[in-house]
Structures are given as structure tokens and as C-alpha cells.
Amino acid sequence: MQLQIGVSSSAELAQEWQQVGVRASARTVRPRLLDNSLVSRRAAKKPLLSKKNVKDRLKFCRKYKDCTAEDWCKVIFNDEAPFRLFGTSGKSIFWRRKYERYHESCDRPAVKHPETIHVWGCFSTKGVGSLIILPKNTAMNKEWFQNVLQERLLPTIHEQFGDDPCMMEHHVTKQE
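Residue numbers (the working numbering): 3 to 178.
Some clues are possibly wrong.
Claimed, not checked - Listed below are the simulated PhoX-like cross-link pairs for lysine-lysine, each with C-alpha atoms no more than 25 Å apart in a straight line:
1) 65 <-> 128
2) 114 <-> 128
3) 76 <-> 65
4) 48 <-> 128
5) 114 <-> 76
As the list claims (entries may be wrong) - Quick list of simulated restraints, FRET-style, between CB atoms:
6) 68 <-> 164: 19 to 27 Å
7) 140 <-> 39: 48 to 56 Å
8) 18 <-> 139: 47 to 55 Å
9) 20 <-> 138: 52 to 60 Å
10) 18 <-> 168: 54 to 62 Å
11) 77 <-> 14: 40 to 48 Å
12) 135 <-> 21: 54 to 62 Å
13) 130 <-> 69: 52 to 60 Å
14) 133 <-> 73: 55 to 63 Å
15) 164 <-> 71: 43 to 51 Å
Since the hints were made in silico from the structure, they are not lab data. Cβ atoms here follow ideal geometry from the backbone N, Cα and C, with glycine treated the same way.
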């Protein structure tokens, strides 16, 4: 039986071993895993990639695979992203006593629909450009984006690259 890294818990491994006739509990399995330099850790979060995402990334890599460091020095990157104003999207982990679950010092305030702000920025190897914070609960749309390009990105390109040619890289999504 082969251990699938990142897939099996000690309890799941104990069950698998029992199915093939090996008597083992999760408490028996854990020390054997530790003896083999395996440790229990929370799974790292990574973006879920759809088939289209994978296809697009592969297409991008193939298109630019021959670019040199000098070529990438002629690129200005820009994008926008939402940020929650209150709370986090992850879990809070801390130590407490069993009876302290609802103690004020052990809770984390939650907001059902947190306010968000959208932030746009750009950068290149020559420096950081403008950072734009859109009004609360306003998403980047076609009009906002065109204004940002005209008022912020073009001046940044001129400041950083002068009259030298450069390429703009932006993850384009369908704008309304």
C-alpha cells in the first residue's frame, strides 16, 4: 500500500490498512508517519483552476516561453482585486479551554455581507505605478477601467518607459 501524500489522514490510513488485514489504529499510525518524517499540516490553499484556466495559462506560457529577462523589463502589469473591509475569509485558530468557546475573548466577529473595496494598481521592473481605490462596494467596470487607463496607466507608462516601446499585461475578464 502506498501513502498518497496530502490525501490521507492517519484515521483513513488505519482504515485502509485494516482492509488489507493489518491491525492498526490512528494512534498506531501517527508515530509510524512521524518516524518517516511525515508531519500533519493544514492543507495549503491554492486557486481552483478550471480547464479553461489551465488552457489559458498553458497558452500564455507557450506564447512567451522564449522571452528573455530583458523582454520582461519592457512589460507593465496591471490588475484589480477586491478586499474585504471587515473580517477575514480564512479560519482563525487559537488555543482555548473547552468551556471558553463563547467567551468574548475567544470569538471572532462575523459580518454576513462584508463591505468590499476594489483596488487597481500597476508595476513594472522600473517601479510601482498608481494605486486606485474605488468607492466602497463598487466593482471595476468598462467606464472605470477606461478612465483608469487614460488617467493613471498611460501617465505611468510614459513616466517609466518614456518613448520606448512596452507591453501591457492585464488579466482581461468580460467587462459589463
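Against the structure, the hints come out as follows:
no. : hint                   : result
1   : 65 <-> 128             : holds (23 Å)
2   : 114 <-> 128            : violated (41 Å)
3   : 76 <-> 65              : holds (16 Å)
4   : 48 <-> 128             : violated (29 Å)
5   : 114 <-> 76             : violated (43 Å)
6   : 68 <-> 164: 19 to 27 Å : holds (26 Å)
7   : 140 <-> 39: 48 to 56 Å : holds (50 Å)
8   : 18 <-> 139: 47 to 55 Å : holds (49 Å)
9   : 20 <-> 138: 52 to 60 Å : holds (55 Å)
10  : 18 <-> 168: 54 to 62 Å : holds (55 Å)
11  : 77 <-> 14: 40 to 48 Å  : holds (46 Å)
12  : 135 <-> 21: 54 to 62 Å : holds (56 Å)
13  : 130 <-> 69: 52 to 60 Å : violated (22 Å)
14  : 133 <-> 73: 55 to 63 Å : violated (26 Å)
15  : 164 <-> 71: 43 to 51 Å : violated (20 Å)
The earlier numbered hints that this structure contradicts are 2, 4, 5, 13, 14, 15.
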